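Sequences and hints are given; from them, build the entire structure.
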Amino acid sequence: MLICRVVKPLVSTNRIPDFEHKHLQVVLDGSTQKVAVDAVGAIPGDWVICVGSSAAREAAGSKSYPSDLTIVGIIDHWDPEAAKAEAARIAGGPA
Amino acid sequence: MLICRVVKPLVSTNRIPDFEHKHLQVVLDGSTQKVAVDAVGAIPGDWVICVGSSAAREAAGSKSYPSDLTIVGIIDHWDPEAAKAEAARIAGGPA
Amino acid sequence: MLICRVVKPLVSTNRIPDFEHKHLQVVLDGSTQKVAVDAVGAIPGDWVICVGSSAAREAAGSKSYPSDLTIVGIIDHWDPEAAKAEAARIAGGPA
Amino acid sequence: MLICRVVKPLVSTNRIPDFEHKHLQVVLDGSTQKVAVDAVGAIPGDWVICVGSSAAREAAGSKSYPSDLTIVGIIDHWDPEAAKAEAARIAGGPA
Amino acid sequence: MLICRVVKPLVSTNRIPDFEHKHLQVVLDGSTQKVAVDAVGAIPGDWVICVGSSAAREAAGSKSYPSDLTIVGIIDHWDPEAAKAEAARIAGGPA
Chain A
1 MLICRVVKPL
11 VSTNRIPDFE
21 HKHLQVVLDG
31 STQKVAVDAV
41 GAIPGDWVIC
51 VGSSAAREAA
61 GSKSYPSDLT
71 IVGIIDHWDP
81 EAAKAEAARI
91 AGGPA
Chain B
1 MLICRVVKPL
11 VSTNRIPDFE
21 HKHLQVVLDG
31 STQKVAVDAV
41 GAIPGDWVIC
51 VGSSAAREAA
61 GSKSYPSDLT
71 IVGIIDHWDP
81 EAAKAEAARI
91 AGGPA
Chain C
1 MLICRVVKPL
11 VSTNRIPDFE
21 HKHLQVVLDG
31 STQKVAVDAV
41 GAIPGDWVIC
51 VGSSAAREAA
61 GSKSYPSDLT
71 IVGIIDHWDP
81 EAAKAEAARI
91 AGGPA
Chain D
1 MLICRVVKPL
11 VSTNRIPDFE
21 HKHLQVVLDG
31 STQKVAVDAV
41 GAIPGDWVIC
51 VGSSAAREAA
61 GSKSYPSDLT
71 IVGIIDHWDP
81 EAAKAEAARI
91 AGGPA
Chain E
1 MLICRVVKPL
11 VSTNRIPDFE
21 HKHLQVVLDG
31 STQKVAVDAV
41 GAIPGDWVIC
51 VGSSAAREAA
61 GSKSYPSDLT
71 IVGIIDHWDP
81 EAAKAEAARI
91 AGGPA
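Protein chains in written order, with this note's numbering: chain A, 1 to 95; chain B, 1 to 95; chain C, 1 to 95; chain D, 1 to 95; chain E, 1 to 95.
What the hints contain is simulated information worked out from the structure, not anything from laboratory work.
For clarity, every value in this text was computed on a predicted model and none was experimentally measured.
If several chains are the same, the list does not tell them apart, and a pair holds so long as it fits within one copy or across any two.
Capping the alpha-carbon separation at 20 Å, the derived lysine to any residue pairs in SDA-like fashion look like this: (1) Lys8 <-> Ala88; (2) Lys22 <-> Val11; (3) Lys22 <-> Pro9; (4) Lys84 <-> Gly45; (5) Lys63 <-> Asp18; (6) Lys8 <-> Gly45; (7) Lys22 <-> His77; (8) Lys84 <-> Asp46; (9) Lys8 <-> Ile43; (10) Lys8 <-> Ala91; (11) Lys63 <-> Pro17; (12) Lys22 <-> Pro44; (13) Lys8 <-> Glu81; (14) Lys84 <-> Pro9; (15) Lys8 <-> Glu86; (16) Lys8 <-> Thr32; (17) Lys8 <-> Val40; (18) Lys8 <-> His21; (19) Lys63 <-> Ile16; (20) Lys8 <-> Lys84; (21) Lys8 <-> Arg89; (22) Lys84 <-> Ile43; (23) Lys8 <-> Ala85; (24) Lys8 <-> Gly41.
See the structure below:
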C-alpha cells in the first residue's frame, strides 16, 4: 500500500455509471498526483493508506467496482521527516 | 487512477477481435504516451481519469474485455499549475 | 496499454508447458526491452499496442494463459517525433 | 517479489472493516516507504520478501482481503552490500 | 514479461505455508534485485523470462499460489550488448 496525502476532492460529472457517486480525492504519492476512491472519509491534509491492484476494488465496496486506488485508512500520526530519519537509521543499521 | 490528458484517437486496423470497435485514445500520463480505451467520449485536450489494473476491464464494458487502461471520467476543471501549487501547499503544511 | 516497437523474436526452448508454442517478441517500451506474447503477427520495426495486467492473459487466447504483456494491435501509422510534437502542443494548450 | 526492510509498525485506527486487526508494517523498498500487511511476524530491521499484485491478497489470509503488499517471508541472511557485489559480478560475467 | 538475470538462490526459512518449498531466486531486473519463484530450474548467470501480475500465480503451479514474479523460461541466447545495439538500430529506423 502507498502512503499518500490528500490534496482535495475531484469533481467529474461525466463519468461511467459504475463509478456511482463515491467520493474521489486527489492524493499526492510522492510528487505525483493521483485519484483515489475514498472509503474512509478523509479530508485534505490527511496522511492516508491507499491500496491498489485488484484489492482496490473490494476495498471500494464490491469486487466489480472499477477502482485501482482506494483510500483504506487514515494514519494516526505521520511525520514524513521523522519517518525518513527512522528509515535512514534502519537502512544504516547492521544487515 | 491516473490524471491524463487526451492527445488524439489511435487507429489500429490489425487488432485482436476481442478489442471490438471501441474507441482508442492516445493519452499523456505525465510525459509518457499511453493508449486507453475510451468509455466516456473524450476529445483531444480533455483532462481525464484513467483506471488501470483489472478494473480497466469492467470499466470498458465487461470483465473479459482486454483493457489495462480505460478512460472512466472527464474532469470538470483541471488547471495543472494550480493543482501543483495546491499540492505543494499541502505538502508544506503541518504533518 | 503501452506503445512499443517490435525488435525481434525471442527463442526460449526451456519454458513452462503453459506457454505452449506461441510467438514471443522482444519489444522496446521506451528504452526498456521487454518480452510480449504476439497475438497479431507483428514483425520487427512495427509499432504495436501492448496490453498488460490480467488483460494480457485473455488477450493471449485464454484466461489461464500466463502472459503479463500481449501485443494486441499493430498501429496503422506512428511517427514518434510527430506524436511527441502533438503531445507537447496539447500539453501547452489551455487547461 | 520485492526485497524490503521493515522500518516500524503503522497505526491506523480509522480504517475499513475489511482490514481487520492485521498488523501493518512500514517497509523500505529501496528508498520508498510503503505499507505491507505482515503475515509472518517480522520486526524492525528484518529483511523480508514482500509480494504484490493479486497474490498479496491470498498471502494475507483470504482472496477477498484487500492487500496489495504482504510480507510473506523473512530472509535468513541478507547483506545488501554483498548482494550488490554479487549482482555486479554476475552482470559483468559472460553473456 | 521481464528479461532478468539469475543471481543466486534465496533462503527464507520463516515463510508463509502457501509458499511451500518452491525454489526462490534472486534475479536482476536492470539494476534492481527482485525475488522470483523458479518454475524452470534456472542457475546463476542464466538470462530468463519473468512473468508478473496475476499470471505469475498459475505460472508457479496453481492459481492460488502467492507469487507475483515467476521464472517461466530460460532464454537460449542473450547478449545484452548485441540486444541494445539491435534495439537502437530499430529505434533509429524509419517510423
